[in-house]
Amino acid sequence: MADPDFDGWSCPLPLRRYERIVMGHGGGGQLSAELVEHLFLPILGDHDGEMHDAARLSLEGRDVSFSTDSYVVRPLFFPGGSIGDLAIHGTINDIAMRGAEPVALSVGFILEEGLPMETLGRVVEAMGAAADAAGVPVVTGDTKVVDRGQADGLYVNTAGIGVIPDGVDIRPRRAEPGDVVILSGTLGQHGVAVMSKREGLEFGTEIRSDSAPLHGLVAAMLAVTKDLHVLRDMTRGGMSASLSEIAASAKVGIEFEEAKLPIPGDVAAACSFLGLDAISIANEGRLVAIVPPGHADAVLAAMRDHEHGRGAVVVGSVTDEHPGVVVARTPFGASRVVDLPLGEQLPRIC
Amino acid sequence: MKFLDEFNDPEIAKQLFAQIAEMTTRPWAIMEVCGGQTYSIIRNGIDQLLPDEIELIHGPGCPVCVTPLGTIDKALEIAARPDVIFTSFGDMLRVPGSDEDLFGVKSGGGDVRIVYSPLDAVKIAEENPDKQVVFFAIGFETTAPANAMSLQVAKRRGMDNYSMLASHVLVPPAIDTIASSPNNRVDGFLAAGHVCSVMGTWQYGPLVEKHQVPIVVTGFEPLDVLEGLRRMISQLERGVAELDNAYARVVVEEGNLPAQELIADVFEVCDRQWRGIGEIPQSGWRISPAFREFDAEYRFGVGDIDAPESPLCRSGEVLQGLLKPNQCEAFGKECTPRTPLGATMVSSEGACGAYYQYRRLEVPVEVGRG
Amino acid sequence: MCLAVPGRITEIRDDRGTRMATIDFDGIRKDVCLDFVPEIEVGDYAIVHVGFAISRVDEESAMESLRLFRTMGTLEEELGVGPEAAS
Numbered sequence: 000m001a002d003p004d005f006d007g008w009s010c011p012l013p014l015r016r017y018e019r020i021v022m023g024h025g026g027g028g029q030l031s032a033e034l035v036e037h038l039f040l041p042i043l044g045d046h047d048g049e050m051h052d053a054a055r056l057s058l059e060g061r062d063v064s065f066s067t068d069s070y071v072v073r074p075l076f077f078p079g080g081s082i083g084d085l086a087i088h089g090t091i092n093d094i095a096m097r098g099a100e101p102v103a104l105s106v107g108f109i110l111e112e113g114l115p116m117e118t119l120g121r122v123v124e125a126m127g128a129a130a131d132a133a134g135v136p137v138v139t140g141d142t143k144v145v146d147r148g149q150a151d152g153l154y155v156n157t158a159g160i161g162v163i164p165d166g167v168d169i170r171p172r173r174a175e176p177g178d179v180v181i182l183s184g185t186l187g188q189h190g191v192a193v194m195s196k197r198e199g200l201e202f203g204t205e206i207r208s209d210s211a212p213l214h215g216l217v218a219a220m221l222a223v224t225k226d227l228h229v230l231r232d233m234t235r236g237g238m239s240a241s242l243s244e245i246a247a248s249a250k251v252g253i254e255f256e257e258a259k260l261p262i263p264g265d266v267a268a269a270c271s272f273l274g275l276d277a278i279s280i281a282n283e284g285r286l287v288a289i290v291p292p293g294h295a296d297a298v299l300a301a302m303r304d305h306e307h308g309r310g311a312v313v314v315g316s317v318t319d320e321h322p323g324v325v326v327a328r329t330p331f332g333a334s335r336v337v338d339l340p341l342g343e344q345l346p347r348i349c
Numbered sequence: 000m001k002f003l004d005e006f007n008d009p010e011i012a013k014q015l016f017a018q019i020a021e022m023t024t025r026p027w028a029i030m031e032v033c034g035g036q037t038y039s040i041i042r043n044g045i046d047q048l049l050p051d052e053i054e055l056i057h058g059p060g061c062p063v064c065v066t067p068l069g070t071i072d073k074a075l076e077i078a079a080r081p082d083v084i085f086t087s088f089g090d091m092l093r094v095p096g097s098d099e100d101l102f103g104v105k106s107g108g109g110d111v112r113i114v115y116s117p118l119d120a121v122k123i124a125e126e127n128p129d130k131q132v133v134f135f136a137i138g139f140e141t142t143a144p145a146n147a148m149s150l151q152v153a154k155r156r157g158m159d160n161y162s163m164l165a166s167h168v169l170v171p172p173a174i175d176t177i178a179s180s181p182n183n184r185v186d187g188f189l190a191a192g193h194v195c196s197v198m199g200t201w202q203y204g205p206l207v208e209k210h211q212v213p214i215v216v217t218g219f220e221p222l223d224v225l226e227g228l229r230r231m232i233s234q235l236e237r238g239v240a241e242l243d244n245a246y247a248r249v250v251v252e253e254g255n256l257p258a259q260e261l262i263a264d265v266f267e268v269c270d271r272q273w274r275g276i277g278e279i280p281q282s283g284w285r286i287s288p289a290f291r292e293f294d295a296e297y298r299f300g301v302g303d304i305d306a307p308e309s310p311l312c313r314s315g316e317v318l319q320g321l322l323k324p325n326q327c328e329a330f331g332k333e334c335t336p337r338t339p340l341g342a343t344m345v346s347s348e349g350a351c352g353a354y355y356q357y358r359r360l361e362v363p364v365e366v367g368r369g
Numbered sequence: 000m001c002l003a004v005p006g007r008i009t010e011i012r013d014d015r016g017t018r019m020a021t022i023d024f025d026g027i028r029k030d031v032c033l034d035f036v037p038e039i040e041v042g043d044y045a046i047v048h049v050g051f052a053i054s055r056v057d058e059e060s061a062m063e064s065l066r067l068f069r070t071m072g073t074l075e076e077e078l079g080v081g082p083e084a085a086s
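Residue numbers (numbering that gives the first Met the number 0), protein chains in the order written: chain E, 0 to 349; chain U, 0 to 369; chain Y, 0 to 86.
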């Protein structure tokens with residue numbers, strides 16, 4: 000493969016501010032999107048023109064959902080979960096956002112020399128328990144060890160495949176004006192739980208990560224109708240990133256009511272004193288669904304009947320106004336644009 | 000949260016909006032000095048719901064935005080040193096200096112860490128005795144007591160590996176400068192509630208007298224902002240200019256005396272450059288000679304670093320309300336939150352940043368990346 | 000400019016000569032320095048900025064503001080005027 004031609008980029012907004020990778024490139028916001036758009040896609044190819052959590056492949060007549068994700072969360076163990084269960088849930092969820100039934104997972108470890116065996120043991124146990132509970136087996140894996148000081152303990156990559164049922168076509172571009180926007184539950188728990196243990200920011204809280212596998216919930220929704228238009232798990236960048244990406248790729252507008260957002264009191268409090276916005280905080284067991292209006296009530300009811308959708312709520316709708324832009328209606332009756340976050344949210348003082 | 004939720008009640012807000020509309024008979028230009036109020040106004044859409052006669056001018060009250068380019072370059076220089084752990088509030092990491100920002104320094108190998116409080120930086124210094132730990136002390140009067148305390152603690156504990164790069168700015172001289180400008184359009188100022196919780200309200204009486212302009216000390220929740228505006232418009236419509244305190248649950252006239260005493264020990268008043276505005280006399284605090292050994296500019300010999308600002312940037316005019324952000328030729332083109340040219344685009348609380356972030360629908364900028 | 004939020008003091012202790020407290024923000028607990036509010040006590044609410052309590056919240060004053068807000072609408076309806084007299 001030829002070297003990328005960094006000088007020849009014709010993009011209106013090349014990565015000109017940074018000559019090196021910065022943390023924000025992994026933050027799931029604008030910087031991440033620029034990497035994908037201007038480096039990965041031009042060189043590695045754009046499989047189906049759909050930027051989604053998982054790719055859709057056709058294998059001898061069966062449609063398959065295929066995805067991979069890497070996990071670098073710090074600390075390794077946090078209230079409500081660990082890097083182990085996160086790695087299982089995250090990839091299951093990516094596959095499920097195509098409407099697929101997950102079939103199998105792979106796990107790749109990058110371990111730092113000197114990592115206590117006990118730590119690795121706890122991570123693997125958490126993975127095993129999560130995979131068992133989800134009913135999705137880990138069928139292949141790999142282990143590499145790097146020199147001390149190189150991997151900050153351990154990193155995990157998981158990949159997975161799932162089978163997409165006939166007649167199911169879930170992808171961002173299917174969002175249509177009139178569709179209803181449903182969240183599966185609370186916002187912000189995972190990100191705040193992890194932040195509470197991060198060096199320099201520590202605070203006491205009972206908030207636990209929402210980390211959970213969502214394929215069961217998706218199956219319950221598909222049992223109501225196969226005509227779900229879009230599903231997205233609201234990980235890095237949170238709800239605002241998910242909605243922004245959907246609005247941009249479907250070229251539709253999305254509106255939501257701030258007053259309807261399910262933000263727990265303690266998450267709101269953490270956001271208040273750190274100066275963060277709950278709609279841009281990562282979740283690991285929450286999805287947003289874009290559903291045709293005729294099915295919205297039944298889908299919502301099915302979600303609320305499922306253990307991972309008990310807090311499901313309708314928050315807004317898709318519109319043909321302001322295509323590509325997400326707009327929040329404030330509790331006071333005004334509106335504002337919700338942007339794709341730049342990178343990771345930073346605590347602010349002002 | 001108690002004392003927050005009650006001041007967010009949309010029903011009461013409706014009444015306040017209605018009252019303000021009823022009282023307003025003429026056009027008024029009101030500046031909220033504080034970036035926290037700008038954030039509250041734009042995020043909740045308060046400006047959209049006010050009568051057309053009322054124009055809110057977003058003032059220079061974001062310390063992140065007004066920190067001069069030269070100071071950021073000093074921070075970048077210090078942070079890149081291998082013997083340094085550079086600590087900062089999260090806001091400052093993305094603010095570009097002449098060439099890059101603190102994230103860029105971090106990606107080049109600098110040890111840059113986000114802290115919540117300057118005392119966390121002191122703790123890092125105690126845990127890393129073989130490193131020099133530097134804290135980037137920016138902020139208005141509100142943040143100064145905390146920053147001053149960290150130096151006092153370091154001195155008391157005899158720490159020789161903690162120092163501070165200080166760039167404090169003061170609100171009253173900024174109001175004085177804006178009100179004194181021959182182009183001034185501001186009819187009244189909403190003063191910053193949390194600054195006043197530290198410094199009190201006594202500094203503002205002389206400004207009211209001098210410029211015959213109403214000043215209302217105002218809080219940050221939507222009802223606080225609306226109540227500040229209501230009291231302001233009441234004064235303007237009656238043709239009076241008084242100092243009023245609409246944030247009495249937090250602000251008292253004399254302010255926080257122990258905090259003021261410590262500030263006087265650790266800092267001294269100096270002339271200060273404001274990014275996008277220029278130099279304002281007596282508008283900053285620097286580390287006093289008694290604490291000079293803790294001054295990072297002195298310790299690392301970066302005092303001479305200076306940097307010119309972009310000639311395209313017209314943020315000075317924006318900050319004075321002479322130009323709307325989207326009337327600037329660079330807005331949304333050369334100048335975006337990703338590539339800010341000046342103070343007001345740097346943070347989402349800056350006038351241009353807030354406009355770009357939340358009110359882009361009103362301006363034809365490119366959206367979507369389909 | 001200055002992000003500062005109210006929280007309730009749940010515990011006060013001495014840390015090497017510095018008066019520290021645990022403050023509760025609706026389920027979030029954070030250690031906060033009390034040196035600038037020497038008169039404050041457990042149960043009080045304080046405005047917290049970057050790890051420091053900078054002001055005690057005057058509950059009476061807060062209640063008074065809210066009471067005034069709430070009577071505003073009624074006053075207006077009854078008298079057909081704004082509550083200028085009340086402010």
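For the record, the hints were derived by calculation from the structure and aren't laboratory data. If you're wondering where the values come from, they're calculated on a predicted model, not measured in any experiment. Treat the hints loosely; a few may be bogus.
Dumping the calculated DSBU-like pairs for lysine-lysine here, alpha-carbon to alpha-carbon at most 30 angstroms [what the hints assert, rightly or not]: (1) 13/U with 196/E; (2) 1/U with 259/E; (3) 332/U with 250/E; (4) 13/U with 332/U; (5) 143/E with 122/U; (6) 225/E with 143/E; (7) 122/U with 259/E; (8) 250/E with 323/U; (9) 122/U with 196/E; (10) 1/U with 196/E; (11) 196/E with 332/U.
Do the hints match the structure? See the list:
For the hint pairing residue 13/U with residue 196/E, the CA-to-CA distance comes to about 40 angstroms; that exceeds 30 angstroms, so the pair is violated. Distance check on the hinted pair: residue 1/U and residue 259/E sit about 20 angstroms apart at the alpha-carbon level, within 30 angstroms; holds. Among the hinted pairs, residue 332/U with residue 250/E is consistent with the structure: their alpha-carbon atoms are about 22 angstroms apart, no more than 30 angstroms. Only pairs whose Cα atoms come within 30 angstroms are accepted, and residue 13/U paired with residue 332/U is rejected, the gap being roughly 37 angstroms.
Among the hinted pairs, residue 143/E with residue 122/U is inconsistent with the structure: their alpha-carbon atoms are about 36 angstroms apart, more than 30 angstroms. Annotation: proposed proximity of residue 225/E to residue 143/E is violated, straight-line Cα distance about 41 angstroms (limit 30 angstroms). For the hint pairing residue 122/U with residue 259/E, the CA-to-CA distance comes to about 41 angstroms; that exceeds 30 angstroms, so the pair is violated. Distance check on the hinted pair: residue 250/E and residue 323/U sit about 29 angstroms apart at the alpha-carbon level, within 30 angstroms; holds.
The suggested pairing of residue 122/U with residue 196/E holds, with an alpha-carbon distance near 16 angstroms, which does not exceed 30 angstroms. With a C-alpha separation of about 25 angstroms, the suggested pair residue 1/U and residue 196/E falls inside the 30 angstroms cut-off, and the hint holds. In summary, the hint linking residue 196/E to residue 332/U is not supported, as the alpha carbons are separated by about 40 angstroms, beyond the 30 angstroms threshold.
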